[in-house]
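Number of protein chains: 4
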Amino acid sequence: MASKNADLHGNVPDQCSVALVLIDVINDMEFDSGAALLENALPVARRLADLRRRAREAGVPVIYVNDNFGKWRSDFRRQLGHVLEDGVRGQPVAELLRPDEKDYFVLKAKHSGFYDTQLDLLIDHLKAKTLILAGFTTDICVLFTASDAYLRDLDIIVPTDCAAAANMEHHDRALEHMRRVLDVKAVLSTELDLAKLVGESTARAE
Amino acid sequence: MASKNADLHGNVPDQCSVALVLIDVINDMEFDSGAALLENALPVARRLADLRRRAREAGVPVIYVNDNFGKWRSDFRRQLGHVLEDGVRGQPVAELLRPDEKDYFVLKAKHSGFYDTQLDLLIDHLKAKTLILAGFTTDICVLFTASDAYLRDLDIIVPTDCAAAANMEHHDRALEHMRRVLDVKAVLSTELDLAKLVGESTARAE
Amino acid sequence: MASKNADLHGNVPDQCSVALVLIDVINDMEFDSGAALLENALPVARRLADLRRRAREAGVPVIYVNDNFGKWRSDFRRQLGHVLEDGVRGQPVAELLRPDEKDYFVLKAKHSGFYDTQLDLLIDHLKAKTLILAGFTTDICVLFTASDAYLRDLDIIVPTDCAAAANMEHHDRALEHMRRVLDVKAVLSTELDLAKLVGESTARAE
Amino acid sequence: MASKNADLHGNVPDQCSVALVLIDVINDMEFDSGAALLENALPVARRLADLRRRAREAGVPVIYVNDNFGKWRSDFRRQLGHVLEDGVRGQPVAELLRPDEKDYFVLKAKHSGFYDTQLDLLIDHLKAKTLILAGFTTDICVLFTASDAYLRDLDIIVPTDCAAAANMEHHDRALEHMRRVLDVKAVLSTELDLAKLVGESTARAE
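In order, the protein sequence lines correspond to chains A, B, C and D. Straight run, no breaks: the first sequence in the numbering used here ends on number 206. Straight run, no breaks: the second sequence in the numbering used here ends on number 206. Straight run, no breaks: the third sequence in the numbering used here ends on number 206. Straight run, no breaks: the fourth sequence in the numbering used here ends on number 206.
If we strip away everything but chain A, and leave its shape as in the complex, we get (with noise of 0.2 Å):
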């Protein structure tokens, strides 16, 4: 029903058994290890637009889960602001993957995208059961909340070309680590048939 509607409509509807979660994509990479991760995160963000687009026709809500990065007074639309007109290392990466009105999101000031935020509460009323988790970096954030997503028996997968980490050796532990203890799905992104996701998705809920 979610992508029907979305067929005719072009809305994103308000309910859906998967959801795309991308995960501090608007980010200043203005720190140590920033130069590192720019190099691996802009091809990455190139093919995370494209899934981000095959998501919206699909129907599948997209969440921009991101950080604070301390500033506690600021705001999701503020830190795009910051990342997108300061002249910072993470402003190609923005560029690509800018959200629009349709999108939501939601601030974490920790490394877990579920630890004190409002993600239980929107994946409830999306009730998303499958997540796609996307974004950076694939060891630390990525990992805290696919670790916190298996916690809640939720169905995760992991675009692996949809995620990068400084350190690409990181990277392929981390997925590594993901497949074998969090029974994460973990294939290309030119792999994932949405539309089918979706129902199989919905099948398993009912």
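Hints in this document: simulated from the structure, not taken from any laboratory. Any given hint might turn out to be false.
Same chains, same names: a pair is fine if it fits in one copy or spans any two.
[Stated by the list, open to error] Below, computed lysine-lysine pairings styled on DSS-like, alpha-carbon distance capped at 25 Å: (1) 71 <-> 127; (2) 71 <-> 110; (3) 102 <-> 129; (4) 185 <-> 196; (5) 196 <-> 71; (6) 71 <-> 185; (7) 110 <-> 129; (8) 129 <-> 71; (9) 196 <-> 127; (10) 196 <-> 110; (11) 102 <-> 127; (12) 129 <-> 185; (13) 196 <-> 102; (14) 196 <-> 129.
Please arrange chains B, C and D on chain A, whose structure you already have, making use of the hints.
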């Protein structure tokens, strides 16, 4: 130290043992009991604006804890824009209590300011031990938030003239319950000496 | 299905859309208002023993949610031993409501049965959507637990003759608050048809 | 003060800045990789028994954080009885690490010791700031618990010879991850000076 910095520089410091929490003051009041609430809320908002000014002078941080009112794609600034610009009932209250750049804000999706929000982490960040809870409505969101603050062993003050409900009998009963069960200090805002409170709360924490 | 199994085999099934939650019924009542509470609690315990028997017959699981009363090294069975064997005030209540092998129990350290306890996970495990809350005291731990159940979108029933407080005026006001603010169905235990409740709650969840 | 009391009276004090957390050491190991785990776990249990004895001498409280292994009606003592008396694989480990009256215990239903358990409240009660995490398995429950401890800004020590996994390569990689991402101090148990740790951790907290 907190209040000294504030005296010297007019800055709200990042840490203070006391915080003023304004609950659901940015609120369109476009619901059934909204007209009744507005009548009680408007004089409260005037007194609360004064308390907020005194908090600022004493170096006490101000936290807006506000419902997202089911608008999951919105944020606090957009919520504020809606209440200030769309000709809704709650506009005069929002005009009196409009936040500025130095204030903190936390979005909640449920009645308690603590439930799946960043409030716990923000309180840790500020090192606050005493919360002054104010806003609307005394018997619902203020009471839910006070109950959760009590579970966390925080000291709680509710200035009785800075909170309201649509029905003031419910306001009175909620205050009575908070006094008796949650050890809430419920006094007139004019009886609060904020600088003294900061000193006492800091001393207890050490 | 749940109630059918129970009819055939007398087993409490692992899953049921309704659960009966007994709050702080294993309680030595050795505190200031304990004598007043006991006087009100003893007739409640007799009715609650009957409701518990009917829950068992209808395949409704029974969960004891009990305070650790500051004894961090204790567990529920030891707590039970203390109340049954040490000649304390709460002994006659505990004798009427002694749990057996089929009951579940959750220790809490604070007033709400949900705060940093396993109750959320147990409710998920049971797939319960409706909680029947009973026990002591109506205005403190029952109210705290009902408030947290409401935040979790659970349906709540409080049988008015199966809960008590030291002061029955506080009991009455808490029930009034729960009815008005938490959508609690507050009726006599004799008006509850448990088999019908299970059917209705299961149907709503599907 | 904590260690002084312990020296004088042999009591474990109620408060200490350091706590020793034993994860899933009471475990029947009756699962696929249980035989492999037992082989690695038995020498660990001997060293851990020694560390536990030293913790007791230094006034450091010992907390057993143990899975309920899906037995929702069970408690920790019953779990202990099962592992000691039913002729299961994990019996020799449980015999070496049998808790006594002075130990604390927390039941968990999921992999992290913090997820919907009383561990947060117990740590607050003890005023612990540094956790020594040990037990099984390094790459699953120890890692989950360490990740959640890191989110809570606790200092974490994992004695490398007091934890194990079925596959020791997974143990090594988990330690490497914990060192790099979670700021875990991972050293041999023989290098830990518990009295000194208590002093340092207490000083940092003041």
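Hints, one by one, checked against the model:
For a Cα distance limit of 25 Å, the shortest separation of residue 71 from residue 127 across copies, 16 Å, qualifies, whereas the shortest one inside one copy, 30 Å, does not. In this assembly of identical chains, the alpha carbons of residue 71 and residue 110 lie at most 25 Å apart whether taken from the same copy (12 Å) or from different copies (24 Å). In the homo-oligomer, the alpha carbons of residue 102 and residue 129 lie at most 25 Å apart inside one protomer (20 Å), although the nearest pairing across protomers, at 31 Å, exceeds that limit. In this homomeric assembly, residue 185 and residue 196 come within 25 Å of each other (Cα to Cα) only inside a single copy, at 15 Å, whereas the closest approach across copies is 42 Å.
For a Cα distance limit of 25 Å, the shortest separation of residue 196 from residue 71 qualifies neither inside one copy, at 40 Å, nor across copies, at 29 Å. Neither within a single protomer nor between protomers do residue 71 and residue 185 lie at most 25 Å apart by alpha-carbon distance, with minima of 34 Å and 29 Å respectively. In this assembly of identical chains, the alpha carbons of residue 110 and residue 129 lie at most 25 Å apart whether taken from the same copy (23 Å) or from different copies (18 Å). Only between protomers do residue 129 and residue 71 lie at most 25 Å apart by alpha-carbon distance; the minimum there is 21 Å, versus 31 Å within a single protomer.
With identical chains, the CA atoms of residue 196 and residue 127 are at most 25 Å apart within one copy only, with a shortest distance of 17 Å there and 27 Å across copies. When the C-alpha separation of residue 196 and residue 110 is checked against a cutoff of 25 Å, the pair qualifies neither within a copy, at 33 Å, nor between copies, at 30 Å. For a Cα distance limit of 25 Å, the shortest separation of residue 102 from residue 127 inside one copy, 17 Å, qualifies, whereas the shortest one across copies, 33 Å, does not. Taking the shortest alpha-carbon separations for residue 129 and residue 185, only the intra-copy value of 14 Å comes in at or below 25 Å, while the best inter-copy value is 31 Å.
Within a single copy, residue 196 and residue 102 get their C-alpha atoms as close as 22 Å, which meets the 25 Å cut-off; across copies the closest is 42 Å, which misses it. Taking the shortest Cα distances, residue 196 and residue 129 sit within 25 Å of each other inside one copy (14 Å), while across copies they are farther apart (30 Å).
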